[in-house]
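K.L.:
Just so you know, the sequences run in chain order A and B. Each residue of the first sequence is one higher than the last, beginning at 44 in this note's numbering. Each residue of the second sequence is one higher than the last, beginning at 12 in this note's numbering.
Just so you know, these hints were derived from the structure itself, not from any lab.
Partner residues aside, some chain B positions facing chain A, computed with beta carbon under 10 Å:
hint	residue
1	48
2	68
3	224
4	232
Note that beta-carbon positions come from the ideal geometry of N, C-alpha and C, so glycine has one too.
Here is how the chains run, residue by residue.
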Amino acid sequence: MQDRDLRARFREGDPDAVREVYRSHGQLVFAVAYKVLGDRGLAEEATQQAFVKAWRAAQSFDEQRELGPWLAAISRRVAIDLYRREAVRAADPLESAAAGDSALASSPESAEAMYDVWEVREAVAQLPPEEQDIVRLQHLDGFTHAQIAERLGVAIGTVKSRSFRAHKRLAAMLGHLRE
Amino acid sequence: MSTSDDDRIAYLSGEPVDSLTPQERAELDEVRGLLTTPATWEEPDSALEDRIVSAIAEEARRGRPVESAPPAPAAPEAPKSGREPWLRRLFRRPAIAFGGLAAAAAAIAVAIVLAAGSSSQAPLQFAMVVSGTSLAPGAHGSATLTKMSSGWEIQLSATGLPHLSGGRYYQAWLKNPAGILVPVGTFNDAQRVILWSGAPVTQFRSFSVTEQLANGNPVSSGRRVLVGIAHPVH
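The shape of chain A in the complex, shown without the other chains:
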């Protein structure tokens, strides 16, 4: 359970408390926004709006509730609104969006799905930097071990062993991600 004093200070707009809440939940809010919007700049805008909205509503926030799910819900709502605004601006009717578009209210991501992205982020963030690089190059960028070895200037055996260690750590940390 979050520090109630922190939540009370956040409600009062204490700058230090705002920073603390951002540092503890900013990645979650950003990850949710990015998952909806798929654009870094828009996700940052949504993150800022989400924190401002949260602060505006903080006086009515139930201190017994957890900040994370509440902030994630605000972020998702703000991101969807931003998506619609951008769609209108680009003369890109919502009807033309893909049916599975996660930004559309007709197919919202569940709270658990949003948390899953965050949990994976948190797990990756706990990897040593050299292992994070391997995982990112493999999964996000789609490079093979040989390509990664060439990019990083290390032996392919080093890449393979780092990859194995990284995925072993991730699998252990994310073993609770789904049942």
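Given chain A, work out where chain B should sit, using these hints.
P.N.:
Just chain B, lined up with the frame of chain A:
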């Protein structure tokens, strides 16, 4: 042939592995999917923190417009067709606590196979090891799930979870591969709990316990503290 941890790690890292079951493959594909999504990797600009603090400070100077707190997150929906199955726990031995990692790794569900009699009238029974998540890294225990005439009786025994009171409680859930959650009971202490499920464990084999608040919101908080996978007892 049972899948080894190394097989699952190898598959997660992108290597071809033939020994995985379709469900294991689908669950690991889900994690791989999350690792490929840009949302997992993108970082906000480092100046965003200052922009947020400044924006809120400006609001405070101008006088805060009051907004009501948004409602609680929506209940988990029944998934659309084609939704990825859930990822089960991957390992069959307790996780090693990696040095330097802030969040403890979740322990690993282990299939418990008990020697049983060959009586055809023996009750259908499942069992599981339950393990703490990063929210409760020290929690662990076990449970048996037995088919009765009135439903499935779940006997849970776990340590390492604090006693909850004062409007806070634990809620246990079963979930099927399609992601449908079924509540199976609430309690304050996990050391010795009997829960009940009207949904068949044969189909709802993923078990979890969440921390909840007694605020009228029945949906899962998402704060999972205990997880496990039920396996049939032979």
